Amino acid sequence: MTRPEREAAVNMPELPEIENVVRALRADLEGARLGRVRYWRRGVVYGVSRSLDGVLRGRVVEAVGRTGKRIEIRLSGDMRMYAHLGMTGHLAVLPAGEEWAPHTHLCVDLAGREAQLRFRDVRRFGGIWLRGAHARHRGRPLPAAGPDVLALGLRRFREVMRRPRQIKALFLDQRALAGMGNIYCDEVLFRCGVHPLRKASTLRDDDVKRLYQCVRRVLHAAIRSGGSTVRDYRGARNERGAYQRRHQVYGRAGQRCYRCGAVLVRMQAAGRGTVICPCCQPSPT
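Residue numbering for the sequence shown follows the working numbering, beginning at 1 and increasing consecutively.
For the record, the hints were derived by calculation from the structure and aren't laboratory data. It is possible that some hints are incorrect.
[As the list claims (entries may be wrong)] As a list, the in silico EDC-like pairs of lysine to aspartate or glutamate whose alpha-carbon atoms are at most 20 Å apart:
hint, residue 1, residue 2
1, Lys199, Glu159
2, Lys199, Asp232
3, Lys199, Asp173
4, Lys209, Glu114
[Stated by the list, open to error] Cβ pair distances, simulated, as ranges:
hint, residue 1, residue 2, range
5, Arg38, Gly254, 46 to 54 Å
6, Glu98, Gly54, 24 to 32 Å
7, Arg204, Val265, 19 to 27 Å
Fair warning: this is a prediction, and the values are worked out from it, not measured in the lab. Even glycine gets a Cβ: it sits at the ideal position worked out from N, Cα and C.
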């Protein structure tokens with residue numbers, strides 16, 4: 001496996017992929033009452049101080065949403081279930097009679113329906129966290145999620161961009177801006193002509209506005225395309241994303257820039273493999 005292939009193998013679903021999962025779950029789950037709960041692996045569900053079946057059975061799903069890459073399911077009785085898909089996680093409502101896929105770790109019956117909420121995760125970097133009554137912090141902490149990048153207005157976005165950090169490192173920091181990962185960082189920065197090592201605080205006001213608009217344009221386009229399936233990602237209905245066909249730089253090191261014809265270059269930024277156009281994204285030094 002080549003180095004770019006290895007990097008592609010470890011990409012986590014980002015905001016557009018999670019948004020598509022949430023939309024499917026919202027249609028299938030909201031208003032459902034939870035029935036029998038089964039799980040087969042410790043280290044998958046966190047925050048339970050007693051029987052998981054006893055905690056969840058009978059609760060009604062009131063709302064399904066997300067912050068950044070984190071799925072949030074609000075249950076009756078002031079309880080929340082958070083899901084993080086990690087690298088290979090898959091959370092979906094499936095027919096009760098459907099064959100169980102390998103690495104299925106959690107199954108929740110939906111009362112009165114021939115359907116089940118199932119969570120599977122091959123590499124087990126994802127998980128389920130409970131918060132509220134009968135839940136306490138136990139085991140691995142819930143991944144951090146700052147303000148959702150699509151929920152921010154321009155004014156708040158400008159405040160975040162005043163930090164003297166490299167722009168890609170700032171985008172990847174989920175505590176600063178939740179939702180973006182390696183794929184969409186590279187795509188946004190290329191489209192805006194911003195080098196990933198440039199300090200965010202050096203951007204002019206018009207640069208920040210253009211970057212803000214570009215973030216929204218790219219992420220919304222990716223959501224409409226079902227996200228990007230580079231390797232493992234499938235939506236809640238097992239569908240592949242299509243936005244990878246529109247990638248301008250991600251995964252294209254050594255190929256020609258669609259805009260200027262220069263050879264795209266692979267570099268390291270914020271500890272991640274990064275692809276840029278050396279002409280369209282001039283170095284800050």
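20 Å limit on alpha-carbon distance, applied to hinted pair Lys199 and Asp173: holds (14 Å)
Pair hint Lys199 and Asp232, alpha-carbon separation not exceeding 20 Å: violated (33 Å)
Consistency of beta-carbon spacing, Gly254 to Arg38, with hint 46 to 54 Å: Holds: the Cβ-Cβ distance is about 48 Å, inside 46 to 54 Å.
Straight-line alpha-carbon gap Lys209 to Glu114, limit 20 Å: violated (49 Å)
Whether the CB-CB distance between Glu98 and Gly54 falls inside 24 to 32 Å: holds (26 Å)
Pairwise hint evaluation, Glu159 against Lys199, where the allowed Cα distance is 20 Å at most: holds (14 Å)
Cβ distance range 19 to 27 Å for Arg204 and Val265, holds or violated: Once the Cβ atoms are compared, 25 Å apart, the range 19 to 27 Å for Val265 and Arg204 holds.
In this structure, the earlier hints numbered 2 and 4 are contradicted, and the remaining ones agree with it.
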